Amino acid sequence: MPSWSYTYPIAKMLRGIGRKFLRAFRDLVPIIVVIAFFQTVVLRQPLPQVGEVLFGSLLVVVGLMLFVEGLDMGLFPIGEALAEALTRKGSLFWLLVFSFALGFATTIAEPALIAVADEAADVAATGALIPDNAGARADYAMGLRLSVALSVGLAVLLGVLRILKGWPVYVLIIGGYLAVMVMTLFAPDEIIGIAYDSGGVTTSTITVPLVTALGVGLASTIRGRSPLLDGFGLIAFASLLPMIFVMAYGALLH
Amino acid sequence: MNVPLPETAGFLSTLRSTILDVLPILGLILFFQFVILRKPIPQPRRIITGGILVVLGLTFFLMGLEKALFPLGRIMATQLCSAEFIGIAPGETPLWHDYGWIYLFAALTGFATAIAEPALIAVAMKASEVSAGTIPQRGLRLAVATGVAVALVLGTYRIVTGTPLHWYILAGYAIVILQTLFASKSIIALAYDSGGVATSTVTVPIVVALGLGLSQAVPGRSPALDGFGMIALACLFPIIAVLAYAQYRQWLLTFAKSR
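The listed protein sequences correspond, in order, to chains C and A. Each number in my numbering corresponds to the 1-based position in the first sequence with 314 added. Each number in my numbering corresponds to the 1-based position in the second sequence with 1 added.
These are calculated hints, taken from the structure and not from any lab test. On a predicted model such as this, the values are computed, not experimentally measured, just so you know. Ideal Cβ placement from N, Cα and C applies to all residues, glycine included. Accuracy of the hints is not assured; some may be wrong.
Here are some chain C residues pointing at chain A (derived, C-beta under 10 Å) [to be verified]:
hint, residue
1, V347
2, I349
3, P362
4, G370
5, K403
6, A434
7, L492
8, F500
9, A533
10, G545
11, A552
Derived DSS-like pairs: lysine-lysine, alpha-carbon spacing no greater than 25 Å straight-line [unchecked claim]:
hint, chain 1, residue 1, chain 2, residue 2
12, C, K479, C, K403
13, C, K479, A, K258
14, A, K258, A, K186
15, C, K403, A, K258
Chain C extracted, bound-state conformation (with noise of 0.2 Å):
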């Protein structure tokens, strides 16, 4: 390393910050190879609006880096912290309530969330599964919103109680997924696509990485159980759950 780097900080800084960003577009040259690859040889058109894409594209390389810069300075932190803290306070009713909080309050709001709900109910108003009116429409998404975000509330506490009890994940993962089966036979034709796709929609980008630091601070802070066999498994039970309770949903209402 030539020693300029240290008589000005910098420079070293700028290099940091470069790598940074070569870092990050690497992940986004997949999306321009594909991109390029179909507009050119498949469809045979010029990129349009080259000038937009491209600082479209520094836009999104730009805040990739920011985003991982401040997870490992915030994000991850402040979650394994909490998880650090409520373990320490030994209350486990504060937890639960956490962990329930945590799980609801960020999937109610989840803007993938409400664009999904107001789409089903559309599909239910046309398959005469409820009145086609405006209102009647809007009911059904609320409730839609409601049963998902009640859903992964239940998920990430039963993720966090799994945790503390030491219960092996597979066991409560296959015992989800015979409940799919199940319910797939009871619920309404409609609703099953809706339902299926509802559970990949409440993971969003900020909730992820807040709900991994809170398993893996809880896993590391209790004895006797280990960040990587215990510490995941959160998000799986968040995008398991939604999909029973939806079914459940559209059955209640058949």
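Got chain C sorted already, so can you dock chain A onto it with the hints?
Relative to the frame of chain C, chain A by itself:
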């Protein structure tokens, strides 16, 4: 056939919606920190800076996606689905293999968007840290991306052929259960997590656009009933891919030992 294009996203409106997204979490953390735990936040300046970076980063990221990549992805999905591109006369029913480019587009898009998924980066960072490097970030991300690619090919094939979604999901579950029996315990929880992680900010909008566009274009399919299900598959197949990847690594290890 028109997949709606979003109006160009401005910085302030994107920032506002990101902050609204974070607000409930912020409130929850502050409530627990000061009312229940009654303790100051450790290293407050660092954590607050980190939080601001996350919000700003996500804002730029979403803005860039809305400006450049999402509109392009949607236009390309619609063009690839169109009857002129597939080369069939109106009224003629296309066969499933007429959609070859769609399957390729689905596979490559699934792979590429999963690689750029910030939530997956976060989980891969944590997994590699917790496993002391035995689960490499790159390997995990490549495995998840491969899973999403396979899922989207199956998802597009399902829409084209009109087969019921639940058969694909139930078969996927059976494979996961079988793999779980043979997998090493240390990977199972992480593998289950990788499904939910793969379907986030980047993947969901593109996948939904592809599903809706295709179900509008294929004769006999309705977007309302057949457009769903792509996310469910993209949520399931990464689990299979990560379990398979772990199995493969284990196999490599035993192979190296036996030599």
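Item to check | Structure-inconsistent hints, enumerated in ascending order | outcome: Violated: hints 8, 13 and 15.
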